[in-house]
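**Q** Chain B: place on chain A using the hints.
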Amino acid sequence: MKKLNLLLLIAFSAFQFSFIVDQPTGYKVGDMAKDFKLKNIDGKLMSFTNFPDAKGFIVIFTCNHCPFSQAYEQRIINLHKKYNPKGYPVIAINPNDKDREPEDSYQNMQKRAKEKKYPFVYLYDETQLTAKEYGAARTPHIYIIKKTAKGNVVEYIGSIDDNFEEPEQVKQKYAEDALNALLAEKPISTTSTKAIGCTIKWKK
Amino acid sequence: MKKNLFIVLLLSYTFGLQAQQIHFIKSSFISQIKNNKNDTIYVINFWATWCKPCVEELPYFEQLNKKYSTKNVKVLLVSNDFKKQIDSRLKPFIKSKNIKSEVLFMNETNPNEWIDKVESKWSGAIPATLIICGKKNFSFFKEGEITFDELDNTIKPLLKN
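Line order of the protein sequences matches chains A and B.
Mapped onto the working numbering, the consecutive letters of the first sequence carry residue numbers 1 to 204.
Mapped onto the working numbering, the consecutive letters of the second sequence carry residue numbers 205 to 365.
Just chain A, same shape as in the assembly (with noise of 0.2 Å):
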């Protein structure tokens, strides 16, 4: 009898399926990333090339109508405030579509930097492209890339921190482990993290 379940227990292990759909793919920390051009609330097209005295980037896929966007935002003004004298901008880029979510409008990026000071740039991934390229899945998801003589290294990717709800009771600062890390050139110990999010708004 025993061994008939030992059977049946093979012939199911045998029979494993597992579906993922729809995996995104992008960098992975160590991989280059690749410069864009992306219109900023001001109008003006940005780049990496814009920041010629950066250490590196602070990249930030947010957007206006996501609540755990919003969640974060006064932590993501207070993470440039940080680590932008050291070199490190935030570079925040809002890759929704308009017309499946008309808060994150191009207007609206513009209305919601101005109420709420924002101290960096916020450029409109209009295309998607840059988000894609990226293989950011939610807003927000954050990378930080360390210029190099070789390219712009991603360090890490993922969460700003690991309570999204309660700033107060952050017991990890993964973003600012990574940058002090990289500001005092030692190693990251947490190099991507995972966290909840609303997905990014692909054209249809």
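Hints in this document: simulated from the structure, not taken from any laboratory.
Heads up, a few of these hints could be off.
The list that follows gives simulated cross-link-like pairs (lysine-lysine, PhoX-like), each with its CA atoms no further than 25 Å apart [as the list claims (entries may be wrong)]:
{"hint": "1", "chain 1": "B", "residue 1": "K288", "chain 2": "B", "residue 2": "K270"}
{"hint": "2", "chain 1": "A", "residue 1": "K173", "chain 2": "B", "residue 2": "K230"}
{"hint": "3", "chain 1": "B", "residue 1": "K230", "chain 2": "A", "residue 2": "K171"}
{"hint": "4", "chain 1": "A", "residue 1": "K203", "chain 2": "B", "residue 2": "K270"}
{"hint": "5", "chain 1": "A", "residue 1": "K171", "chain 2": "B", "residue 2": "K321"}
{"hint": "6", "chain 1": "B", "residue 1": "K288", "chain 2": "A", "residue 2": "K173"}
{"hint": "7", "chain 1": "B", "residue 1": "K256", "chain 2": "A", "residue 2": "K98"}
Listing some non-contacts, in silico: residues in chain A with all C-beta distances to chain B over 10 Å [as the list claims (entries may be wrong)]:
{"hint": "8", "residue": "N40"}
{"hint": "9", "residue": "V153"}
{"hint": "10", "residue": "L183"}
{"hint": "11", "residue": "K186"}
{"hint": "12", "residue": "T193"}
{"hint": "13", "residue": "K194"}
{"hint": "14", "residue": "G197"}
Glycine is no exception: its CB is placed at the ideal position from the N, C-alpha and C atoms.
**A** Just chain B, lined up with the frame of chain A:
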């Protein structure tokens, strides 16, 4: 013993809920479903009231729940709402939309720790859907929006013996 407790828990989840209540779960609840070997087909949707595409596709899960009400199909709607909005937003939403499928609340704090336990392929973006049938060693995962036909076509072959 632990296994029995789990079955009792599942049964109480299955039959015990006439009025809609929101049970708090940990990620281990999902991993236990993934490791079970029973013939129930679990359709687990990760959503939130603030997530527009999630709300738009909820009717498909409700439709599925209704269509297979006499079959071994269990629809679980796992909410990722803000904890402080359970009373102010989640509960009124369930009531006003008259949601019949079971709603659970993911009572975890650090997403970086629990997302992988639920599904390693998941980035954390919602909506996301997991379909599991332990007896058939079947598992399906999709991040992003899903249609009724996708759900139905995934489940149909599992119902055949």
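**Q** Compare the structure with each hint and give your call.
**A** To see whether the hints hold, each was checked on the structure:
1. K288/B - K270/B: Roughly 31 Å separates the two Cα atoms, so the pair is violated.
2. K173/A - K230/B: holds (23 Å)
3. K230/B - K171/A: holds (19 Å)
4. K203/A - K270/B: violated (31 Å)
5. K171/A - K321/B: This hinted pair holds, its Cα atoms lying about 20 Å apart.
6. K288/B - K173/A: holds (22 Å)
7. K256/B - K98/A: Holds - the C-alpha atoms of K98/A and K256/B are around 14 Å apart, at most 25 Å.
8. N40: holds (26 Å)
9. V153: holds (21 Å)
10. L183: Holds, since 22 Å exceeds 10 Å.
11. K186: With a cut-off of 10 Å, K186/A remains clear of chain B, as the shortest Cβ separation is near 21 Å.
12. T193: violated (4 Å)
13. K194: violated (4 Å)
14. G197: Non-interface label fails for G197/A: nearest chain B Cβ at 5 Å, not farther than 10 Å.
Of the numbered hints stated above, those contradicted by the structure are hints 1, 4, 12, 13, 14, listed in ascending order.
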